[in-house]
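Numbering (the working numbering), first residue to last: 606 to 931.
A few of these clues could be false.
Across the chosen pairs, the derived CB separations fall in these ranges [stated by the list, open to error]: (1) ASP683 to GLU862: 33 to 39 Å; (2) GLY672 to ALA846: 38 to 44 Å; (3) GLU915 to SER664: 28 to 34 Å; (4) PRO868 to ASP659: 48 to 54 Å; (5) ARG865 to GLY678: 50 to 56 Å; (6) VAL707 to PHE920: 39 to 45 Å; (7) THR807 to GLY678: 18 to 24 Å; (8) GLY896 to ASP683: 38 to 44 Å; (9) ASP659 to GLU915: 21 to 27 Å; (10) ASN640 to GLU915: 40 to 46 Å.
Source of the hints: derived by calculation from the structure; they are not laboratory data.
C-beta atoms are modelled at their ideal positions from N, C-alpha and C, and glycine is treated no differently.
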Amino acid sequence: MRRLLVAVVVALAVVPQALGGIAEVRDAHGHLIANGGQGAFGSLNDAGWTLRYDFASSSARGVTLRGVSLVGGLVYADTIFVPAHGLRGARVRGLVVNGQAVSAKANALVPLGPASYLVVLQEAVVPGEGSGVVGLRLVAGDSSLGLDPGTQLLVGLARAAQATAVHTQERLSWLSLGISGHAPALENAAFPELQAIPSNGTLGGKAVAIAERYLGVPYRWGGADPLTGFDCSGFTMYVYAQLGIGLTHYTGAQFYEGTRVPPDQLQPGDLVFFEPSGRGPQHEGMYIGGGQFIQAPHTGDVVKISSLSEPSYRFGYVGAVRPWKP
């Protein structure tokens, strides 16, 4: 037992300073521009400070940041804590936007301009990973904030804490056996990446790349833009409008606005429909490939990625439509 306790102390002492990004700046295609780890960090562009914080740390329990400033102080938070798993215990204290104190409840959506917004304590932001959580997520929809359209600032990433926990456990396994090294494969371990869906160059691929920018935007019945929220048909309508394709803001109508697609011929960008009724399907999403689709599900949830194999979608599947001509 004494040897194990010593191993615990040593393992915690040798965990590297940056196993995964605690904060990131990514462009519209999901490419990493800047990556902040433990300690202080700042990312500067031509317009000024994009992202700064005075202190950050990562442990197996979660990630903590203090003195966080986004876009030259437009957004400021005294303290952010994001647990390694889930939102229980998550908090953002002293959140100020444009000089005004704002709510820091989970999935609070704060407009920042004509097309830009901030989401607080957001779940389901890692494609395909239900445990993905970020403390603050700022999305620049246009250049009014001095950022390129599509730029995202992601602050307080839970996966940094998950990486720390995995690395610590791996070291414990080695050190408890009296081995001073550690698993070399862990240095290149793959952790879930945000914005992992690239455009494949097709119109449908471009639609998927656009749709993925809005992961985490809260659901709102009747909503059709990221500043107020999306419902299912408003989400697909908004995405395709950016590609010059007009769709009706009604799922039952969109089911007839395109070419029917058999299940074995689905392509990224196809619209998939569920919940049959006498008035036609009552829910929809956008197929992204690999048996997954992106959707605005229901009140209390956010835009996220789900699997067609989930029972409610597998048994409630109605069909698919390609809303453009090849």
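Outcome of the hint check:
1. The hinted window of 33 to 39 Å between ASP683 and GLU862 is violated, with their beta carbons roughly 48 Å apart.
2. Here the CB-CB span from GLY672 to ALA846 is close to 39 Å, well matched to the stated 38 to 44 Å.
3. Separated by about 33 Å at the C-beta atoms, GLU915 and SER664 satisfy the suggested range of 28 to 34 Å.
4. Between PRO868 and ASP659 the beta carbons are some 52 Å apart, a value that agrees with the proposed interval 48 to 54 Å.
5. For the pair ARG865 and GLY678, the supplied restraint of 50 to 56 Å holds, since their beta-carbon distance comes to about 51 Å.
6. Evaluation of the 39 to 45 Å hint for VAL707 and PHE920 yields a pass: the beta carbon distance comes to about 41 Å.
7. In this structure the hint that THR807 and GLY678 lie 18 to 24 Å apart at CB is violated, the actual value being about 41 Å.
8. The hinted range of 38 to 44 Å is satisfied by GLY896 and ASP683, whose Cβ atoms lie roughly 42 Å apart.
9. Checking the proposed 21 to 27 Å range against ASP659 and GLU915 shows it is violated: the Cβ atoms sit about 42 Å from each other.
10. Checked against the hint of 40 to 46 Å, the C-beta distance between ASN640 and GLU915 comes to roughly 33 Å, which is inconsistent with it.
In this structure, the earlier hints numbered 1, 7, 9 and 10 are contradicted, and the remaining ones agree with it.
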